[in-house]
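**Student:** Okay, here's what each chain looks like letter by letter:
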Amino acid sequence: MEGVIIRHWVETPVRYQEQFADQELDAYKLEHSLYALPGPSISSVRINKHVIAAEKSSTGGNEQSFQVLLDVVQFRPEDIIIQTFEGWLLIKAQHGRRMDEHGFISRSFTRQYKLPNGTETKDLSAVFCHDGILVVEMKNASGMN
Amino acid sequence: MAERTVPHAYPMSTEYEFANPSKMYDQNFGEGLSPSEILAPTLYHGYYIRPRINKQLDRGISEISLNDHKFQVFLDVCHFLPDELAVRTVDNLLEVVGQHPQKADRHGFISREFTRTYILPMDVDPLLVKATLSHDGILTIVAPRTGKEVKARVNEVQITRQEQPPGQAEHPEEGKGNGKP
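Chains H and P are the protein sequences, given in the same order.
Here the UniProt record's numbering is used: the first sequence runs in plain steps of one and ends on residue 145.
Here the UniProt record's numbering is used: the second sequence runs in plain steps of one and ends on residue 181.
Don't read these hints as lab results, they were simulated from the structure.
What you are looking at is a predicted structure, and each value in this text was computed from that prediction instead of being measured.
Ideal Cβ placement from N, Cα and C applies to all residues, glycine included.
Hints should not be assumed to be uniformly reliable.
Computed beta-carbon distance windows for the label pairs [said to hold, decoys possible]:
1) P:Pro82 with H:Asp26: 37 to 43 Å
2) P:Asp91 with H:Glu18: 54 to 60 Å
3) H:Thr119 with P:Leu128: 51 to 57 Å
4) P:Leu127 with H:Ala27: 55 to 61 Å
5) P:Val97 with H:Arg76: 20 to 26 Å
6) P:Asp68 with H:Ala27: 49 to 55 Å
7) H:Thr121 with P:Pro82: 36 to 42 Å
Given only the sequences and the hints, what does the whole structure look like? Please build it.
**Tutor:** Encoded structure:
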């Protein structure tokens, strides 16, 4: 059992503290990988030094950059399904009845976005951030090369 | 991964930290974001989170206000049209159901569905519940409270004792050998 350390989560050190250390927090607000939930798809996070300041607005018209941001604070990663279907990106989120401070709640939604021509499922990557933002973007967008 | 170790939602007020806030935020769901709506990260419980512009303080709320005379609920349902909403009571549960088919908003196409259940206090008559939808999409549900203490019905249950059968009095232990060492 040695090597197993259980800490209360409040004491857990901030991940990527050095990235935030210089306090130019504004510069890091679009570095979604810094906020990504731990998972198999993000075992090694690559931080690109250049800030993606010149990012297109969401669902940018440019064929090379496609990015969708969605606020899914109310959902867990396992509640969300991302599909592509005939040139459309479908994001389905559904959670069954769960308890909250006011009683019980269940929610579901389906969002559709038109993908740029020729985009396939393998071109897309998705990041679920711990602050509830879901990012779906083209893999060859800045940083991945 | 049933237990979340990373704070997932962020509170809009210190009241949220306590067990039963009368007001909750973040009830509007499925909302698109654009990068300009994300604000600079702030530290919350040891994690950096990014507040959003579109969470103005008085939208996306669910609020319960309770006093001696009435039970009142405010729920933001601004994504739903009046005929896409249904309110009903099942025993002492108050259910609000909203469902809208696919429609276009500024980020794309979306369809939504939710069911929220509130628990009515014991002295509220479910048949007297009234619901109003305001022009800006806040659903108000009101019900009078009688203020009467609901008497708990206590019923003492007699315990019948079973006598030991006289024949087995000699060796009760051997009969159920596993019971004792």
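**Student:** None of the hints should be skipped; say for each whether it holds.
**Tutor:** Evaluation of the provided hints:
1. P:Pro82 with H:Asp26: 37 to 43 Å: Since the Cβ atoms of P:Pro82 and H:Asp26 sit about 41 Å apart, the hinted range of 37 to 43 Å holds.
2. P:Asp91 with H:Glu18: 54 to 60 Å: 55 Å, holds
3. H:Thr119 with P:Leu128: 51 to 57 Å: 55 Å Cβ-Cβ, so the 51 to 57 Å window holds.
4. P:Leu127 with H:Ala27: 55 to 61 Å: This hint holds: roughly 58 Å between Cβ atoms.
5. P:Val97 with H:Arg76: 20 to 26 Å: With a Cβ separation near 22 Å, P:Val97 and H:Arg76 satisfy 20 to 26 Å, so the hint holds.
6. P:Asp68 with H:Ala27: 49 to 55 Å: Holds, since P:Asp68 and H:Ala27 (Cβ atoms, about 53 Å apart) stay within the stated range.
7. H:Thr121 with P:Pro82: 36 to 42 Å: 39 Å, holds
The structure shown violates none of the earlier numbered hints.
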